[in-house]
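There are 2 protein chains.
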Amino acid sequence: MNALPPGSTIGILGGGQLGRMLALAAAQLGFDVCIFTDEPDSPASRVAARTFVGSYLDVAALGDFARHVQVVTSEFENVPAQTADALIAAGVRVCPNPRALAVAQDRFDEKSFFNAHGIATPRFAAIASQADLDAAFADIGAPAILKTRRLGYDGRGQIRINSTEDARGACERLGAPGILEAFCAFEREVSIIAARGADGAIAFYDLCENEHTGGILSRTILPARVGAAVVVHAQQAARLVLRAFDYVGVLTVEFFVMRDGSLVANEMAPRVHNSGHWTIDGALTSQFEQHIRAIAGWPLGAASRTADIEMINLIGEDAAQWSALAADPNARLHLYGKRDTRAGRKMGHVTRLLRT
Amino acid sequence: MNALPPGSTIGILGGGQLGRMLALAAAQLGFDVCIFTDEPDSPASRVAARTFVGSYLDVAALGDFARHVQVVTSEFENVPAQTADALIAAGVRVCPNPRALAVAQDRFDEKSFFNAHGIATPRFAAIASQADLDAAFADIGAPAILKTRRLGYDGRGQIRINSTEDARGACERLGAPGILEAFCAFEREVSIIAARGADGAIAFYDLCENEHTGGILSRTILPARVGAAVVVHAQQAARLVLRAFDYVGVLTVEFFVMRDGSLVANEMAPRVHNSGHWTIDGALTSQFEQHIRAIAGWPLGAASRTADIEMINLIGEDAAQWSALAADPNARLHLYGKRDTRAGRKMGHVTRLLRT
Chain H
1 MNALPPGSTI GILGGGQLGR MLALAAAQLG FDVCIFTDEP DSPASRVAAR TFVGSYLDVA
61 ALGDFARHVQ VVTSEFENVP AQTADALIAA GVRVCPNPRA LAVAQDRFDE KSFFNAHGIA
121 TPRFAAIASQ ADLDAAFADI GAPAILKTRR LGYDGRGQIR INSTEDARGA CERLGAPGIL
181 EAFCAFEREV SIIAARGADG AIAFYDLCEN EHTGGILSRT ILPARVGAAV VVHAQQAARL
241 VLRAFDYVGV LTVEFFVMRD GSLVANEMAP RVHNSGHWTI DGALTSQFEQ HIRAIAGWPL
301 GAASRTADIE MINLIGEDAA QWSALAADPN ARLHLYGKRD TRAGRKMGHV TRLLRT
Chain V
1 MNALPPGSTI GILGGGQLGR MLALAAAQLG FDVCIFTDEP DSPASRVAAR TFVGSYLDVA
61 ALGDFARHVQ VVTSEFENVP AQTADALIAA GVRVCPNPRA LAVAQDRFDE KSFFNAHGIA
121 TPRFAAIASQ ADLDAAFADI GAPAILKTRR LGYDGRGQIR INSTEDARGA CERLGAPGIL
181 EAFCAFEREV SIIAARGADG AIAFYDLCEN EHTGGILSRT ILPARVGAAV VVHAQQAARL
241 VLRAFDYVGV LTVEFFVMRD GSLVANEMAP RVHNSGHWTI DGALTSQFEQ HIRAIAGWPL
301 GAASRTADIE MINLIGEDAA QWSALAADPN ARLHLYGKRD TRAGRKMGHV TRLLRT
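These protein sequence lines map, in sequence, to chains H and V. Be aware that the first sequence starts at 1, since it is given in the numbering used here, and climbs by one per residue. Be aware that the second sequence starts at 1, since it is given in the numbering used here, and climbs by one per residue.
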């Protein structure tokens, strides 16, 4: 593909903070941005040249959007398959590959995909009925987690199963097709942010070490406290995934690091990722610019890290600390422009450069 | 004043690249941005939540704009006095102080202001007639430059006067009230970007060394090749100016450095400045974020430089090099989203971090 010249319009599905930070990065490179979202007055729309507000299933609205943009990407993985189909039918390029979106939307398909490519995961089984659950729990054993196959994020739609008592009726409580996973007694959680250009070039950011609170990312530090072999292993896995999908853009794979140093893949996100927000302040090219470069057919930028990093998410009422954070000379404050503060809602983040 | 909380709306007069970069910085801090410009489809409007397109003299439109914003700033110094008056009458705070805008708009008032505050300038005289010019040239001598008092920038509206022959009819050719200035045989040109918060705190960026081509800034490097005394002297001058205007926001003063190391003030810009664009990539807080922080009543951010810098302007057809620049891992590329390339038009810039 030819590189999109500056002045072209990048289409983004979704109006949240990831779309906002993508839009800011696109603007720096001289692109216009057009947002498609089902939410009026979204954070991304307020920094975009144009916004279409409509349903992700409205084929006519999507066609209109497609005519105004030169490429479409997404800030969330749960894009309905029909949405990508409608955009492709309207003749616009969709990056990344909708196959990657489809696989990432379903935890069973995702883990099956990992295993098929030689990437270790926790043991897992598809759960369509209570009988499936009982059989799978007998096989996998405690502790285990029952999750919805689709549409869960930030710890939602998850039930811990530590006993046959926990399992009783759990399938009904879940209320949707599920997956039972062995709970991993991991030492730490890490993620790798990787990018693949339209020319097939691949760039990796340094491995991120992540802490979650209540299923939501709360803190990312770099460098991750792991050996060099872990980094190589994570890069190998990400490379396999990128190539398998002929992927163009930024992709994230989250892993558990086990006590023996082995890596177990937890999930992938076919997009820029919260654990990569530090790259705005601490890398030569941010993950947002990197994604825009990739989908525009530009060469990837340098992904080198410039400092040791601590990134703290501002969740819900955390954002009320903005005044103190604004006064901290070591804190790089990012707020997302969300109108309402709600518990568990990502309102912003702070990056601290610890040592350069 | 109380600090404006995130979610407040920052009003910006002007839709060019400085407004665009201010808007991007404001968005990062969680602010909405509203642009007022006389130009449809402006670079800044494409990254702003809302834009009013109208004349800077349209009091009704300005009043409407004022009702939608919590503070107004400007990306250019030639804001008509009536514009600031109309905004203030509509009850909105205007930063910086319109007095600073008024003085910076008139080269004679500006140099008189510098001298009144003990800041050296080239010798100068107001020129209202050919008789004024002849008398001033007899006094100041060759080489000298005749400039319009108002509305000149990037070298426009300037006539070199090296002889009485050059002076003949020059007043008529200028076609506007003028100022004759002694030409300074300077060793180099430098600028200081300074910021003053609503609390009176002052922060300085490192001194910039600037090269101009055809009257337009072409290259800025840091550190400037000057001694420590020059830096102290420039900071002293900037501090005097900031305090004299009870200034809130970012202000730039340009100087000539003479062979003996003395500084001669050339002009001031009551705004973010082209020679400070490196701060996006090479300082802990960019000049754009710094200005937004100041006018929002937030504490100033850390202004430390993180690398040695070379900033190159992309002027006119220079921007056609975007593809090669995008492939240079050491080049941080910024393009402004201008639809038309014209000779002398600032289309973007590139920052190179030379050593960290």
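If you are wondering where the hints come from, they were derived from the structure by calculation, not from laboratory data. Treat the hints loosely; a few may be bogus.
[Stated by the list, open to error] Cβ pair distances, simulated, as ranges:
(1) 320(V) / 261(H): 19 to 25 Å
(2) 204(V) / 317(H): 34 to 40 Å
(3) 99(V) / 82(H): 41 to 47 Å
(4) 39(H) / 320(V): 47 to 53 Å
(5) 214(V) / 308(H): 54 to 60 Å
[Said to hold, decoys possible] Coverage of chain H stretches by chain V, computed from C-beta distances (three or more under 8 Å per stretch; other residues unrestricted):
(6) 2-8
(7) 20-28
(8) 119-131
(9) 137-148
(10) 158-166
[What the hints assert, rightly or not] One side of the interface only, derived from the structure: several residues of chain V facing chain H at Cβ under 10 Å:
(11) 1
(12) 108
(13) 200
(14) 202
(15) 204
(16) 343
(17) 344
If you're wondering where the values come from, they're calculated on a predicted model, not measured in any experiment. Virtual Cβ for every residue (Gly too), placed ideally from N, Cα, C.
Taking the hints in turn, this is what the structure says about them:
A hinted range of 19 to 25 Å for the beta carbons of residue 320(V) and residue 261(H) is inconsistent with their spacing of about 51 Å. For the pair residue 204(V) and residue 317(H), the beta carbons lie near 36 Å from each other, so the given range of 34 to 40 Å is met. Checked against the hint of 41 to 47 Å, the C-beta distance between residue 99(V) and residue 82(H) comes to roughly 59 Å, which is inconsistent with it. For residue 39(H) and residue 320(V), the Cβ-Cβ distance of about 39 Å falls outside the hinted range of 47 to 53 Å, so the restraint is violated.
Checking the proposed 54 to 60 Å range against residue 214(V) and residue 308(H) shows it is violated: the Cβ atoms sit about 44 Å from each other. Closer than 8 Å: that is the beta-carbon criterion, and the segment 2-8 of chain H has 4 residues meeting it against chain V, so the requirement of 3 holds. With a cut-off of 8 Å between beta carbons, the segment 20-28 of chain H has 5 residues touching chain V; three or more are needed, and the interface restraint holds. Requiring three or more residues with a Cβ within less than 8 Å of a Cβ of chain V, the coverage given for the segment 119-131 of chain H is violated, as only 0 such residues are present.
Coverage of the segment 137-148 of chain H by chain V is violated in this model, with 0 residues showing a Cβ closer than 8 Å to a Cβ of that chain against a need of three. Counting residues of the segment 158-166 of chain H whose beta-carbon sits less than 8 Å from any beta-carbon of chain V gives 0, not enough to reach three: the coverage restraint is violated. Restraint check, residue 1(V) versus chain H: the minimum CB separation of about 13 Å is more than 10 Å; hint violated. Look at residue 108(V): its Cβ only gets to about 38 Å from chain H, farther than 10 Å, so that hint breaks.
This hint is violated: residue 200(V) has a C-beta 15 Å from the nearest C-beta of chain H, more than the 10 Å allowed. Hint status for residue 202(V): violated, given a least beta-carbon distance of 15 Å to chain H, over 10 Å. Hint status for residue 204(V) relative to chain H: violated, with the closest Cβ pair at about 15 Å, above 10 Å. Nearest Cβ of chain H to the Cβ of residue 343(V): about 18 Å, over the 10 Å cut. The hint is violated.
Hint status for residue 344(V) relative to chain H: violated, with the closest Cβ pair at about 18 Å, above 10 Å.
Hint violations for this structure: numbers 1, 3, 4, 5, 8, 9, 10, 11, 12, 13, 14, 15, 16, 17, all remaining hints satisfied.
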